[in-house]
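Using the sequences and the hints given, assemble the complete structure.
First to last, the protein sequences are chains A and B. With positions in the first sequence counted from 1, the corresponding number in our numbering is that position plus 910. With positions in the second sequence counted from 1, the corresponding number in our numbering is that position plus 910.
The list treats identical chains as interchangeable, and a pair is accepted whether it falls inside one copy or across any two copies.
Pairs of lysine-lysine residues, derived as BS3-like cross-links and limited to a Cα-Cα distance of at most 25 Å, are as follows:
# : residue 1 : residue 2
1 : Lys1453   : Lys1019
2 : Lys1453   : Lys1530
3 : Lys1453   : Lys1009
4 : Lys1454   : Lys1019
5 : Lys920    : Lys1156
Hint data in this document are derived by calculation from the structure and do not stem from the laboratory.
Number of protein chains: 2
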Amino acid sequence: MPLGQRVGDKSDSRYCGVETDFDDDMPQVLSHNLSSGFDFVVATLLDPEYRPSLVKKDNNGSAVLPFAASDLVITPSQWSSHVVGKISSWIDLDSVNDKLRIDSEITLKQEIAWACHLSLQACVLPFPKSASCGNYARCVNQILQGLSNMQLWLRVPLEKSEVMEDDMKDSINPEMFDSWEWWNSFRLLCEHHSQLSVALDILPSLPSISSLGRWFGEPVRAAFLHTKSFLTNARGYPCLSKRHQKLVAGFFDHSVQIILSGTSKHNISPGSLPQTKEADNNAIPRHQLRPYLDYVAYLYQRMDPLPEQDRIEHGYRDFLQSPLQPLMDNLEAQTYETFEKDTVKYTQYQRAVCKALVDRIPDENASTTTVVLMVVGAGRGPLVRASLQAAEETGRKLKVYAVEKNPNAVVTLHSLIKLEGWEKLVTVVSCDMRCWEAPEKADILVSELLGSFGDNELSPECLDGAQRFLKEDGISIPSSYTSFVQPVSTSKLYNDVKSHKDLAHFETAYVVKLHRVARLAPTQAVFTFAHPNYSCESNDRYKKLCFEIPPETGSAMVHGFAGYFDATLYKDVHLGIEPNTATPNMFSWFPIFFPLRTPVTVAPGSPVEVHFWRCHGGAKVWYEWCVTSPSASPIHNSGGRSYWVGL
Amino acid sequence: MPLGQRVGDKSDSRYCGVETDFDDDMPQVLSHNLSSGFDFVVATLLDPEYRPSLVKKDNNGSAVLPFAASDLVITPSQWSSHVVGKISSWIDLDSVNDKLRIDSEITLKQEIAWACHLSLQACVLPFPKSASCGNYARCVNQILQGLSNMQLWLRVPLEKSEVMEDDMKDSINPEMFDSWEWWNSFRLLCEHHSQLSVALDILPSLPSISSLGRWFGEPVRAAFLHTKSFLTNARGYPCLSKRHQKLVAGFFDHSVQIILSGTSKHNISPGSLPQTKEADNNAIPRHQLRPYLDYVAYLYQRMDPLPEQDRIEHGYRDFLQSPLQPLMDNLEAQTYETFEKDTVKYTQYQRAVCKALVDRIPDENASTTTVVLMVVGAGRGPLVRASLQAAEETGRKLKVYAVEKNPNAVVTLHSLIKLEGWEKLVTVVSCDMRCWEAPEKADILVSELLGSFGDNELSPECLDGAQRFLKEDGISIPSSYTSFVQPVSTSKLYNDVKSHKDLAHFETAYVVKLHRVARLAPTQAVFTFAHPNYSCESNDRYKKLCFEIPPETGSAMVHGFAGYFDATLYKDVHLGIEPNTATPNMFSWFPIFFPLRTPVTVAPGSPVEVHFWRCHGGAKVWYEWCVTSPSASPIHNSGGRSYWVGL
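Dropping the structure here:
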């Protein structure tokens, strides 16, 4: 049964598993564990004594593999819902002993074939016996090529030394060995195969936070939580350290299933059990890991419910969207509807207009002077409303022009004005701001043309076109905006981009609610635009950035760059999604993601040098990007061949 | 006029150019240099004083760019045959000074556009002003996307410090700067574009041999030979050091054109000229670089003529061929014809059969005992002939079975036997050796089933199938064979593979006469097969190899692996193409080439770890390969999905 109910959580992390020993009475194994509250078992499928080379050759192929159970003893749905296969842990595909290596290859194939026959959802692959894993990866890769649905979870120790076998310690310096690097090379050999995931082994000691953070960009499906990782609380019950608790909470938040592993280290006498009644009534012996399961359930149940906004956005997590083409396409009513609900954003705009009005018109002139304010890109009117509210709040007189190119939105604008009785205050102009011939000049130009990366919806070009009708000392809201990027690791997004099997998708920037992502270094500013802009300089830009990944992170994989923006609306009133300064509770923008065609592995201490260009030509604007350190990538999106925004 | 006639050399390296200063009298520049014996000029196209930002903005676009000449003053064919454009050397596309950077971008585009208008064959791009060249590469890459035929030759100093500008020395430690690395990142940014090549600058000092060697795997089209690189001989004439001579000879051998550059450093009085007559008769002043040109021509002319074999194979240089499918396809007559001409190979076979016969039959039994020798895969009979000659030479009595699966070759075999009168000695068997039911067992099994990589034409499987009819103490010729590989740099082959734009071509091994290749480390043995083979082991193989590139090479790019074989025919008689032990003057095999999907850049001192597998399944055999150090590549050809040999 699930660990508990958490509002909004529909992820697999509600389910908890348990690792079991080889036992040929599978129905009993299953009923014992499920009745004790576990949702699934991770079970060895094949007798651990089995070695292909020991099977007598002269039995005319009549040998039966010593599997734990025939497929008939459990129903198909039980097999697939409640059993995860565990591949024999003795296998060593990179052994220098050819016999052991070949036995391992044969056994691995036999076990996977059996697991497929049973329609298991996943099999756990044991961690490798040596640092070099070329042959293990090759065999797994070959299996993956022919695998229909089953997932393979590669077991990786989170902290190395403790799970290493003694002979492994001989060949690897545990101080130098970073298990993430081992996983990285395995998955590179297997080309980021989408059915290859990670099952982490959690032991008493944990690596540094930034080192741990890398795993949140990886396809971690499960975590083996060893009983020896538990501490003992004052009442003698198992509990986890604060750091372990935080890690487990992170797992719950990233759809990682907990699997309890090991034997009980806490000898709790029946008398001290809180639910003695149940224990008495039942003849079945209580499961020795039940106190651990109870503790994990307790951790799950005390998680905060997902905030409403998160629940709304849940479906967008790590879902790639193509950025809007706001100049070429007209928004639909539903899109306006969604964005208009972002009250935080319009409150910020109202604050900015208030301050601008007060600066522009001293109190003594408030009743005599009318400020001309133009909303360029008025949509269905939210900025018109915010501006009029600001006028009311500050007691300034306002004349508003609402300029909008989308004729469909203009219909709504007209009816809004009638509805609100704003006929004398607001003039609706159905025109592209870049070609409108204004009857007078504006004191204040208000716009909301920003994209996730600031200038990516061509705010600079639009406002350059509109500033003709701004007075020389007039004010633009926003007055400036800056884009930011940071290198990220996100195998989920990389795989989604790759699944299109073309170049164009690797050279496109996507709007995406980042979730399964490791942010590898603090953000840095990219391009800044200020308005009004009376210089003759073009809106082309070029920026070279150098990121330092904290050395305690260890090696890392850069799959691309997450992009954000921050805008100064007016003076100290800002608006943005840059993580350090993000406006709280604003939901109009998800980050942008610039992928890399070939992910870049970065060694500790090696800087990541990246270049971004904003270019224009013909009737379009585009970005190009590349990495030049630690090694040079191709220039992405050369000449805007794959991705561009139309003027 | 060309430097001279060298039998068999049809390459561009016969032509020599000269670098000229900006001069707006192009017809004069051209006639002066061509009449002095140069084949082409490398000429600055645009006034070096020109800067876009200094052009007055108010001339209504009537400004004319200050080019060296209108296209009309020289005929189109002269422009394209005799002029290589030289892009303004002041440009600095990575300058921190935005104005200079933008001026540079504009000028570069204008000059290339002009060169295209003139249909020039190539333009020389100046070397960069700073170690970072991201923006330079981006602009060049963007230009390359739209370039029809013209080549861009990026100028790269062979030895760094001497051509660096002073302000460049500030930013780069000349000791640390390796110009190859700079080129490598430039071309990675431009994705190995096939129209981007290198023009090397040759100065007095030269780097180490292995460092120089890397350039022979790169698309070097020209070498600027500076006058200051010349020494002075006893008679006061310019000459080159031995190392420079060797380098220039290497260029001649790799289609690299020499371009003389700089001013004369040798003041040779007219009286000392050997051709005073010509000098007297002509009013035109003698070209100041003529003595240098004469010396280069002398170096060219004293090159050895290409050996006949090289001339025959010239057309195959760096030309990728798919390996044969000898079991699935039947060879054509022409293919037999070609291979039968390889007398060296059959001489080796004859020597091996001689030794085996003598070992098998003591002299005293020579007249009484008949040896049964079976040629499996007899083709049109060359091994039958070699075996019979060996019998004659050693005075042994021989009974030969010629087993051949190709019915077309069997026709030839029959007529050969009639023609030679071998009816009593040779029995022709039209059958696949793997299913032939032999009427008796053989003393000696002779075969020539080897491919460039030894076992890649499935000799192991064929001989395993044939050894049923070999006596228990019988001899197989060959008795064993081993494959070898070494990492190579070869941008030509990489680009040829890439041009197919699919995965399959990157996962195929090719037979190729390697020429424009840098061999980065000594070969290492991969797989060995011995015959007869009475063990029950399969013919699957796995080998992990670790190559050390000599540290003095510097960084290097591995585009793939060159493969070879060496076979022991019998005892000390071997046959092979492994470079260190290759059988001289044998031409039946070119090397094999295993490409990498993504070339791997290797830092100095970093080992290259590579894995090769030989696998079988269904009715096919295939190789898989991957690199695991310095970073993991994908497993190539998983499951034989792209390339396999049919059984």
